[in-house]
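Single-letter residue listing:
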Amino acid sequence: MTPRWIATGLSQDLPKAVAMAGHWQGQDLAVWRSATGRVQAWNDRCPHRGMRLSHGFVRGETLACIYHGWVYGADGVCKHIPAHPALTPPATIRVAAFACVEQDGVIWVAPADTVGAPVALRGLQPLRSISLTCDVAAVLAVEPALSGGDALRGLVQIGGQACEVCLLVQHNAAGLTLHALCAVGVDRIAASRWVEDLRRRAERKGAA
Amino acid sequence: MIAPEVLNEWYPVAMAAHIRAGQRRVTQLLGQPITVALQGGAIVVTGQGGALHVTEAFGHVWACPGTPAHPLFPIPEALETGRRLVDVGVVRVKCSPLRAVENFLDIAHFPFVHTDVLGAEPHTEVNRYEVQIREDSDEVWATKVTFYQPQAAKSAEGGIVTQYMYRVPAPTAAVLYKTCPVRPDAWDVIGIFVQPLSEDLCDVWPWMALYDDTTPQADLIAFQQMIFLQDRSILENQIPRLLPLDPGMEIPTQADLTSIAYRRWLKKRGLTYGAQMVAA
Numbered sequence: 001m002t003p004r005w006i007a008t009g010l011s012q013d014l015p016k017a018v019a020m021a022g023h024w025q026g027q028d029l030a031v032w033r034s035a036t037g038r039v040q041a042w043n044d045r046c047p048h049r050g051m052r053l054s055h056g057f058v059r060g061e062t063l064a065c066i067y068h069g070w071v072y073g074a075d076g077v078c079k080h081i082p083a084h085p086a087l088t089p090p091a092t093i094r095v096a097a098f099a100c101v102e103q104d105g106v107i108w109v110a111p112a113d114t115v116g117a118p119v120a121l122r123g124l125q126p127l128r129s130i131s132l133t134c135d136v137a138a139v140l141a142v143e144p145a146l147s148g149g150d151a152l153r154g155l156v157q158i159g160g161q162a163c164e165v166c167l168l169v170q171h172n173a174a175g176l177t178l179h180a181l182c183a184v185g186v187d188r189i190a191a192s193r194w195v196e197d198l199r200r201r202a203e204r205k206g207a208a
Numbered sequence: 001m002i003a004p005e006v007l008n009e010w011y012p013v014a015m016a017a018h019i020r021a022g023q024r025r026v027t028q029l030l031g032q033p034i035t036v037a038l039q040g041g042a043i044v045v046t047g048q049g050g051a052l053h054v055t056e057a058f059g060h061v062w063a064c065p066g067t068p069a070h071p072l073f074p075i076p077e078a079l080e081t082g083r084r085l086v087d088v089g090v091v092r093v094k095c096s097p098l099r100a101v102e103n104f105l106d107i108a109h110f111p112f113v114h115t116d117v118l119g120a121e122p123h124t125e126v127n128r129y130e131v132q133i134r135e136d137s138d139e140v141w142a143t144k145v146t147f148y149q150p151q152a153a154k155s156a157e158g159g160i161v162t163q164y165m166y167r168v169p170a171p172t173a174a175v176l177y178k179t180c181p182v183r184p185d186a187w188d189v190i191g192i193f194v195q196p197l198s199e200d201l202c203d204v205w206p207w208m209a210l211y212d213d214t215t216p217q218a219d220l221i222a223f224q225q226m227i228f229l230q231d232r233s234i235l236e237n238q239i240p241r242l243l244p245l246d247p248g249m250e251i252p253t254q255a256d257l258t259s260i261a262y263r264r265w266l267k268k269r270g271l272t273y274g275a276q277m278v279a280a
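Quick note, the sequences are listed as chains A and B, same order. Going by this note's numbering, the first sequence wraps up at 208, each residue one higher than the last. Going by this note's numbering, the second sequence wraps up at 280, each residue one higher than the last.
Heads up, a few of these hints could be off.
Stated by the list, open to error - Some, not all, of what chain A presents toward chain B, calculated at C-beta under 10 Å: (1) Ile81; (2) Ala83; (3) His84.
Hints were generated in silico from the structure; no laboratory data involved. This structure is a prediction, so every number in the text was calculated from the model and none was measured. Glycine included, C-beta positions come from ideal geometry on N, C-alpha and C.
Pulled out of the complex, with its shape left as it was, chain B reads as follows (with noise of 0.2 Å):
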């Protein structure tokens, strides 16, 4: 039995262009088969028991298998103009779609995974920053996180201390706000979208929304898939594949303040599904 805590949320299922031009697309969600497919001009998301509710946002299909609790999580920023949006695609990944957004919070990893592109030795030390649970939009918010970054983005040229903010708006999902690197005055948003195929596979959807004019659209792509699937390699070999909720089981620090709050927060409202509860 799933919690209905976990049903009631919102989960991407689909690039709405590819359903828009016809293509069906034939997967899971929560360990249900599901089939996401244009009917008389509207895109349906259908189940064993039927439609699911469906919403459009980001360039996504997005579906709640119960009964939302909520709309869907705003992103304002995806509507500024004169940001160039970039789905990068899909990443299949056999981990927990929980431990996937972990890692999306994650700094420290960057001089090891993303070695000479999102940070470099001697450069690892994480400075303090402020996490805190949003109480008016119920949100996990990590501020005034800083990091020094070889090339922080394909529009960068050299190296640059990167201010980053990160936000988790939804149990698998988490949009993060980084400097940008010819914009200097504003944020470049980066999000990942997650679908739990089930609670140890995912399909993992980056998005973009940038302010830059001239790499071309290819490149932007190949840069930000480069880096997820360097994040792959850990994520398919962290044991368990479940996200312990436990403490106990992992021992964190201070550079993983966003990753304790995260947790507690996925504990606190009953977001369980793709989690282990017990040291094993």
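Just chain A, with the same shape it has in the complex (with noise of 0.2 Å):
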């Protein structure tokens, strides 16, 4: 079954006043932070002229296009058109909203109809994502201490320590990206090592 909740991100990824790009089981988002750090997942796409959003600039609590500079409101509704600036732009003229939350530093993104919130990942830290050129089977076959489906999950060797992992797992059209949290009070530089290892050691069993 399709997990409603997908995490498109680590919030330390993502700055204030800054767009960057998602998506949602193939859906792409314009995920973005204002600059009071409401955190936000749209369509990605301008209903103007087709733009990407997430190549657009944030300004306070609105969201702009880079194209042509519709600036979108925090409801998605375009606020105004700088080709006329004494135009109040038409309440229809508004981007879709995905549901967006922010919790235990990972962007999770969701229809915006979904009710319920993440699974909580209490304990564990956000390290880095990472994205692969292969598929979960691959990850799982190199790394048996890992189980799941959209978490994987377990006590793997770092360090010559036994530390819990969970990779949240991201199918994109290229293979996956895997955004990786560890425990608290791991090592992260030897954390994102062993995630590196992890990709070239899944990566080689995906292309055999």
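Can you join these two chains into the complex? Each is in its own frame, and there are hints to help.
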């Protein structure tokens, strides 16, 4: 069964007043953080001329399209069209929003009508996101200590110690992205190297 | 099947000087492989079904894969003495050839895409201008277009209010006339000739006929390439890659009158190669 909530990034990688690309099950999203820190996920397409809003720019609590500067407020409704400064845009010009929450240092997205919250990840700290050109089966094959489908969890050896890790799976056209978390207290540099090594091993396995 | 209306048009396929110098260009037109080469002193374009109709104009080789519905459009200004003709080279863009033309007709993006060059905030307003489809030539024209520009051309010193006219004489070609900074009584002429490699991939040849005796050629080319590469960052990130011709998929405003007329003109004439007809 397809999970509703998908991790699309880590909070630490999206500073204030920045937009980035995200996606939910093949649906491209513009994920952006306002000047005051609020994160939102929208359909990655300006209704005017189809430009990706993830290339846009954040000013205050608004996201503007990089093509013609159309400004969208926190409700997704177009507030300003620079080519016609005196015009109040009709409320029908709006960008569809996805549900988006930040929890445990992870940015989660789901369809707008989703009820409930993403799974809680207690005792874990966000580490890094990494993209792989292989599937989940290859990851599980090279790291048998991990199990799961949407979140790969287990005790793995990092720097000679057994450490709890959690890899949140986001599928994409080229393979998958893993948003990695590890137990609080684990050496982050060693854990980051373990993730890179896992990628090398899994991609080699996937290509074999 | 490609519609005869599309096959019977002219498309740019090479720079004539390159072919005359002995280069062969192996390329693609409307999804089919073609070769542009010199044979016995003449430029020949060969496709899978044999030779295509060929004509040479504005420094470029143009080909028609069907039966030409009309001669290639003229640009009378290209023949005026005192103008410098500048071939800017070719830029490959992963978009519909029609999206590349439409972007060329657009003014409102100047402050955001060509920031501090062709436009700058807070000078973002697009005043009302006139658009028509000229019945004698069957071309889309936009006139009385004005826009404030910090650096309208390589030869411009400081900001000016630039006047523009736009012209679409062929489905994948557009020409603009804009205030010449060093000769306010004349127009600079800039074109883009777009080669449709496929419905969502094109080679774009910017072209200029300017009054500018001082700027080095390399600087003129660099200026125009900078502008076009800024445009490419937009063109390769529009969804969908094809140009939507049905209303409802995209929302235009008054500033988009030229784009609206261009889309209607394409639809009316059946020039739908590179277009998306039904909202997905």
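Run through the hints listed earlier and report the numbers of any the structure violates, in increasing order. Of the numbered hints given earlier, the structure breaks none, since each of them holds.
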